[in-house]
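J.: Chains as they are written, first to last, in the working numbering: chain G, 68 to 402; chain Y, 68 to 402; chain L, 68 to 402.
If you are wondering where the hints come from, they were derived from the structure by calculation, not from laboratory data. Keep in mind it's a predicted model, so treat the numbers as computed, not measured. Take these hints with a grain of salt, some might be off.
If chains are identical, the list can't say which one is meant, so a pair holds when it fits in one copy or spans any two.
[Claimed, not checked] With a cut-off of at most 20 Å between alpha-carbon atoms, the simulated SDA-like pairs for lysine to any residue come out as follows:
#1 Lys390 x Arg341
#2 Lys390 x Gln274
#3 Lys390 x Val191
#4 Lys390 x Ala252
#5 Lys390 x Gly149
#6 Lys390 x Pro246
#7 Lys390 x Pro339
#8 Lys390 x Ser221
#9 Lys390 x Arg290
#10 Lys390 x Arg146
#11 Lys390 x Pro313
#12 Lys390 x Val206
#13 Lys390 x Tyr276
#14 Lys390 x Pro255
#15 Lys390 x Gln316
#16 Lys390 x Arg232
#17 Lys390 x Val350
#18 Lys390 x Leu204
#19 Lys390 x Leu203
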Amino acid sequence: MGHATDALDAGGSSDGAGRAIGPPGARVFAAQVLRGQAQVTFLPSVAAGAVFCVALFAAGWQYGLYGLVGTAVGTATARLLGADGERVASGLEGFNACLTALCFAVFLGAGHLSTALLALAGCVVVTVVTSAVANLLGVWGLPTLTLPYCLIASTATIAAPGFQRVWHHGAGLAALTSPASGPTALQPADLAEAFFTAFAEIFFMPQWYVGALLLLGILVASRRAAAVACLGSAVGTATAWALGAPAAQITDGTTGYNSVLVALALCGVFLPARAATLTYALVGAAAATAVGSAMSALFAPSGGHTFTWPFVLTTLVFLAGAKSFPRLTGSPEAD
Amino acid sequence: MGHATDALDAGGSSDGAGRAIGPPGARVFAAQVLRGQAQVTFLPSVAAGAVFCVALFAAGWQYGLYGLVGTAVGTATARLLGADGERVASGLEGFNACLTALCFAVFLGAGHLSTALLALAGCVVVTVVTSAVANLLGVWGLPTLTLPYCLIASTATIAAPGFQRVWHHGAGLAALTSPASGPTALQPADLAEAFFTAFAEIFFMPQWYVGALLLLGILVASRRAAAVACLGSAVGTATAWALGAPAAQITDGTTGYNSVLVALALCGVFLPARAATLTYALVGAAAATAVGSAMSALFAPSGGHTFTWPFVLTTLVFLAGAKSFPRLTGSPEAD
Amino acid sequence: MGHATDALDAGGSSDGAGRAIGPPGARVFAAQVLRGQAQVTFLPSVAAGAVFCVALFAAGWQYGLYGLVGTAVGTATARLLGADGERVASGLEGFNACLTALCFAVFLGAGHLSTALLALAGCVVVTVVTSAVANLLGVWGLPTLTLPYCLIASTATIAAPGFQRVWHHGAGLAALTSPASGPTALQPADLAEAFFTAFAEIFFMPQWYVGALLLLGILVASRRAAAVACLGSAVGTATAWALGAPAAQITDGTTGYNSVLVALALCGVFLPARAATLTYALVGAAAATAVGSAMSALFAPSGGHTFTWPFVLTTLVFLAGAKSFPRLTGSPEAD
Numbered sequence: 068m069g070h071a072t073d074a075l076d077a078g079g080s081s082d083g084a085g086r087a088i089g090p091p092g093a094r095v096f097a098a099q100v101l102r103g104q105a106q107v108t109f110l111p112s113v114a115a116g117a118v119f120c121v122a123l124f125a126a127g128w129q130y131g132l133y134g135l136v137g138t139a140v141g142t143a144t145a146r147l148l149g150a151d152g153e154r155v156a157s158g159l160e161g162f163n164a165c166l167t168a169l170c171f172a173v174f175l176g177a178g179h180l181s182t183a184l185l186a187l188a189g190c191v192v193v194t195v196v197t198s199a200v201a202n203l204l205g206v207w208g209l210p211t212l213t214l215p216y217c218l219i220a221s222t223a224t225i226a227a228p229g230f231q232r233v234w235h236h237g238a239g240l241a242a243l244t245s246p247a248s249g250p251t252a253l254q255p256a257d258l259a260e261a262f263f264t265a266f267a268e269i270f271f272m273p274q275w276y277v278g279a280l281l282l283l284g285i286l287v288a289s290r291r292a293a294a295v296a297c298l299g300s301a302v303g304t305a306t307a308w309a310l311g312a313p314a315a316q317i318t319d320g321t322t323g324y325n326s327v328l329v330a331l332a333l334c335g336v337f338l339p340a341r342a343a344t345l346t347y348a349l350v351g352a353a354a355a356t357a358v359g360s361a362m363s364a365l366f367a368p369s370g371g372h373t374f375t376w377p378f379v380l381t382t383l384v385f386l387a388g389a390k391s392f393p394r395l396t397g398s399p400e401a402d
Numbered sequence: 068m069g070h071a072t073d074a075l076d077a078g079g080s081s082d083g084a085g086r087a088i089g090p091p092g093a094r095v096f097a098a099q100v101l102r103g104q105a106q107v108t109f110l111p112s113v114a115a116g117a118v119f120c121v122a123l124f125a126a127g128w129q130y131g132l133y134g135l136v137g138t139a140v141g142t143a144t145a146r147l148l149g150a151d152g153e154r155v156a157s158g159l160e161g162f163n164a165c166l167t168a169l170c171f172a173v174f175l176g177a178g179h180l181s182t183a184l185l186a187l188a189g190c191v192v193v194t195v196v197t198s199a200v201a202n203l204l205g206v207w208g209l210p211t212l213t214l215p216y217c218l219i220a221s222t223a224t225i226a227a228p229g230f231q232r233v234w235h236h237g238a239g240l241a242a243l244t245s246p247a248s249g250p251t252a253l254q255p256a257d258l259a260e261a262f263f264t265a266f267a268e269i270f271f272m273p274q275w276y277v278g279a280l281l282l283l284g285i286l287v288a289s290r291r292a293a294a295v296a297c298l299g300s301a302v303g304t305a306t307a308w309a310l311g312a313p314a315a316q317i318t319d320g321t322t323g324y325n326s327v328l329v330a331l332a333l334c335g336v337f338l339p340a341r342a343a344t345l346t347y348a349l350v351g352a353a354a355a356t357a358v359g360s361a362m363s364a365l366f367a368p369s370g371g372h373t374f375t376w377p378f379v380l381t382t383l384v385f386l387a388g389a390k391s392f393p394r395l396t397g398s399p400e401a402d
Numbered sequence: 068m069g070h071a072t073d074a075l076d077a078g079g080s081s082d083g084a085g086r087a088i089g090p091p092g093a094r095v096f097a098a099q100v101l102r103g104q105a106q107v108t109f110l111p112s113v114a115a116g117a118v119f120c121v122a123l124f125a126a127g128w129q130y131g132l133y134g135l136v137g138t139a140v141g142t143a144t145a146r147l148l149g150a151d152g153e154r155v156a157s158g159l160e161g162f163n164a165c166l167t168a169l170c171f172a173v174f175l176g177a178g179h180l181s182t183a184l185l186a187l188a189g190c191v192v193v194t195v196v197t198s199a200v201a202n203l204l205g206v207w208g209l210p211t212l213t214l215p216y217c218l219i220a221s222t223a224t225i226a227a228p229g230f231q232r233v234w235h236h237g238a239g240l241a242a243l244t245s246p247a248s249g250p251t252a253l254q255p256a257d258l259a260e261a262f263f264t265a266f267a268e269i270f271f272m273p274q275w276y277v278g279a280l281l282l283l284g285i286l287v288a289s290r291r292a293a294a295v296a297c298l299g300s301a302v303g304t305a306t307a308w309a310l311g312a313p314a315a316q317i318t319d320g321t322t323g324y325n326s327v328l329v330a331l332a333l334c335g336v337f338l339p340a341r342a343a344t345l346t347y348a349l350v351g352a353a354a355a356t357a358v359g360s361a362m363s364a365l366f367a368p369s370g371g372h373t374f375t376w377p378f379v380l381t382t383l384v385f386l387a388g389a390k391s392f393p394r395l396t397g398s399p400e401a402d
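Working from the sequences, and respecting the hints, build out all of it.
T.: Here it is, written out as structure tokens:
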């Protein structure tokens, strides 16, 4: 389960826990923050984090800022509370805070002071929640993934309409779901857009070029990870089309972003990368498409969003299941 | 917790894992599949499985077919993935797939190609989910029951209206519940119908004669299990009547099927059969009636069904609770 | 985690398990029942329980009676089933039953025979659920808090409208939430009312003087606990005001009672009382306010209430998280 920390870049992480003052300390902290951004896709890579940062600023400067400050606050809080130095160095204490800050910006309105203050509070509390989830899931040797962020994000967005100084959107979102309708046919251009927006929606962004930049960031860090992520995006899009999801949901990336993350997690991060796990990961990526629709209907009456719940739940089930299948978890010779 | 595998029928199960080719292998596999059907009521019995199969075909040939093929696909997938041979031999890798296939047939329409393909996929994925749930609940020494099936069934049916090639029912099912209304008085004929449909509803079937056949199947395998199941059905029906459930819900078996399963699980399967556990099991059977109404209201706004969630949750709580009460779990002399 | 049993009053608890017949046994049992009432706020104190009892009778004689009989039934059931003697003596087997009986009285109508019978059944079943939750959470060394009561209370109140002999309120409660509206400004008198009703709402009572009596009960048992509880109430009220909760919800105690319980649990009961844990507890008390609004929106479409779910979930997460932070859990010298 430690694969995500295996390939630390050169760049001072080994002394990251010891020194935190002065310019070298600042460089170390900056590297931790960038790795924290890259860890959203399981990459402890400064370069990937830098490209992700550019992608978020390309989507909107507020989003870039929220993401960067959020990751920094989360990482700093973890250091302050005395979290494990290796986890901090590899960015594992930053990615949940990154997504938490971004989700506040997107769903509560980036321009409100209340949003900024709540995002700060969220990035502090998500560090406590990360520790809690790590201790709870540790019993089974399972990773925390983005579960801490999902818990904070769902609590905050479902709670928000109850508070008048927090909610600036007029009507609430609570509604019963109706069966899907609308055209389901996809043109080649739609397919290309769906392929890239599946990456962008990981950070709640709907622009295809943001997704292309994010894919570039993954590619910079690992060609294998980029290939697996592309397969995940393709399987997610294909499954959604085959099941008859509305074309509009496919092209905006809603039906594909969980598949990208599931594929990455199950092939090369928490299970070794090989043919058997790739098949397993793509079955998981397809399953996540159905789980996404179910979570959406489950959250709708409370006004909640799915965030990365489908990825988290699908991956945890497939990882817990894999423990009984030696072909998936054993050493390569056993394959 | 291994009671459900204790009483393997004669019939070749001991060599089930080793031989899978040729006519003897086919006979072994057929026995595993029939035991898989019987394990829906915790019976590793070929004879009971055969009677259950007849009952499902009596309800409709499509249902018989879905149940049989589903159990076979689930059992075969588990063998392919290298699941534990004893579990496969006793049918423990088949019953969740049996119910999964049936639930797709009933809730998505047995006649659609999409339903058949999804049922196949569901029977493969439920094997992974079974392994995951076994590893998760294993920490407490708790059995998986039909939790894997419930997870797949709820995900699939709640997700289905989001996909136009999957959902053929027009309007969705998401709705807020209203307080119960309608007559609550029961005639003797209603009581008899309720008693038998409680068995049939375990497999989502509403016909009293299907329930009678299922009870016959249990009786063929174990007179004690049949007696406990009858008490469970009676307690479930009596509780629902005493609380004031609408008569229509009682006579169609909706309020009783969870009680049958709870009674079986808590007296003779996962706890030893004796006076103290029978009392405990019947308290559980009564509690499951209330849990059923609560789950129904919880799932309604998302368009979900209760499936056997009330049985699963009630049984897991009562089994986890029993660990602190030596009278329930200890050896008979301690009683 | 055993702090809640540390400070047993003088008064016969050490022989509580051995003698249960005759006047001394009756006195021992009465002390166990009063401690059971006081354990709602983590106090194994006969005196505090007696004052709590007065407070409930002040709110309405039916409520005093339901609370007292409920605690007695729960305690007696636990003794009968052979629960741990020390747990029974310190009241830990009574407080969930106390709240269960009260919640039936408040939400199903105290005057109905059906309510009284169901409350009896609920107080028996909650003992089984307490044992189950203790065994499940014991894997992580986490306490059960009021989770058993929350499970029973949510199941019963969500299930109730499905049964015509149980539900006497006409229309059901299932509804989608709307964004908060109404005035948010608070006058000094409102603040004082909110401060005290936060205590009263722990037992579902809306009267400020009931809250004042409950605070007096805490003060009788422990000045430190009373101070922490006051801070919790103040932080809960302040957070709700700052976020913009409607004034009506603040003054009736709805937004504050979870904060009182979270503060008590995290500073002095399950974590040692010191500056670092007080800060942590007050962050938790503020977080519980947001969790309360989210749980309210989550339960609304099913007609459920939040009960003490926000307290339970927030406290469990903060306790599980604290395990990684030596400053919170270590010995005072380590601070």
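J.: Hint by hint, say whether it matches the structure.
T.: Now for the hints, and whether the structure bears them out:
Taking CA atoms no more than 20 Å apart as the test, lysine 390 paired with arginine 341 passes inside one copy only; the shortest distance there is 16 Å, against 36 Å between copies. In this assembly of identical chains, lysine 390 and glutamine 274 lie within 20 Å of each other by CA distance neither inside one copy nor across copies; the values are 38 Å within and 41 Å between. Proximity of lysine 390 to valine 191 under the C-alpha cut-off of 20 Å is restricted to the inter-copy arrangement: shortest distance 17 Å between copies versus 34 Å within a copy. Taking identical chains as interchangeable, the C-alpha atoms of lysine 390 and alanine 252 are never at most 20 Å apart, the minima being 39 Å within one chain and 52 Å between chains.
With identical chains, the CA atoms of lysine 390 and glycine 149 are at most 20 Å apart between copies only, with a shortest distance of 12 Å across copies and 32 Å within one. In this homomeric assembly, lysine 390 and proline 246 never come within 20 Å of each other (Cα to Cα): the closest approach is 37 Å inside a single copy and 45 Å across copies. Taking CA atoms no more than 20 Å apart as the test, lysine 390 paired with proline 339 passes inside one copy only; the shortest distance there is 13 Å, against 30 Å between copies. Proximity of lysine 390 to serine 221 under the C-alpha cut-off of 20 Å is found in neither arrangement, the shortest distances being 29 Å within a copy and 24 Å between copies.
Neither within a single protomer nor between protomers do lysine 390 and arginine 290 lie at most 20 Å apart by alpha-carbon distance, with minima of 27 Å and 38 Å respectively. In the homo-oligomer, the alpha carbons of lysine 390 and arginine 146 lie at most 20 Å apart only across protomers (15 Å), although the nearest pairing inside one protomer, at 33 Å, exceeds that limit. In the homo-oligomer, the alpha carbons of lysine 390 and proline 313 never lie at most 20 Å apart, since the shortest distance is 36 Å inside one protomer and 46 Å across protomers. Taking identical chains as interchangeable, the C-alpha atoms of lysine 390 and valine 206 lie at most 20 Å apart whether they share a chain (14 Å) or sit on different chains (14 Å).
Proximity of lysine 390 to tyrosine 276 under the C-alpha cut-off of 20 Å is found in neither arrangement, the shortest distances being 38 Å within a copy and 42 Å between copies. Taking CA atoms no more than 20 Å apart as the test, lysine 390 paired with proline 255 passes in neither setting, with 40 Å inside one copy and 52 Å between copies. Taking the shortest alpha-carbon separations for lysine 390 and glutamine 316, neither the intra-copy value of 34 Å nor the inter-copy value of 42 Å comes in at or below 20 Å. Taking the shortest alpha-carbon separations for lysine 390 and arginine 232, neither the intra-copy value of 47 Å nor the inter-copy value of 34 Å comes in at or below 20 Å.
For a Cα distance limit of 20 Å, the shortest separation of lysine 390 from valine 350 inside one copy, 16 Å, qualifies, whereas the shortest one across copies, 36 Å, does not. Taking the shortest Cα distances, lysine 390 and leucine 204 sit within 20 Å of each other both inside one copy (14 Å) and across copies (13 Å). When the C-alpha separation of lysine 390 and leucine 203 is checked against a cutoff of 20 Å, the pair qualifies both within a copy, at 18 Å, and between copies, at 10 Å.
Going through the hint list in order, the structure does not satisfy hints 2, 4, 6, 8, 9, 11, 13, 14, 15 and 16.
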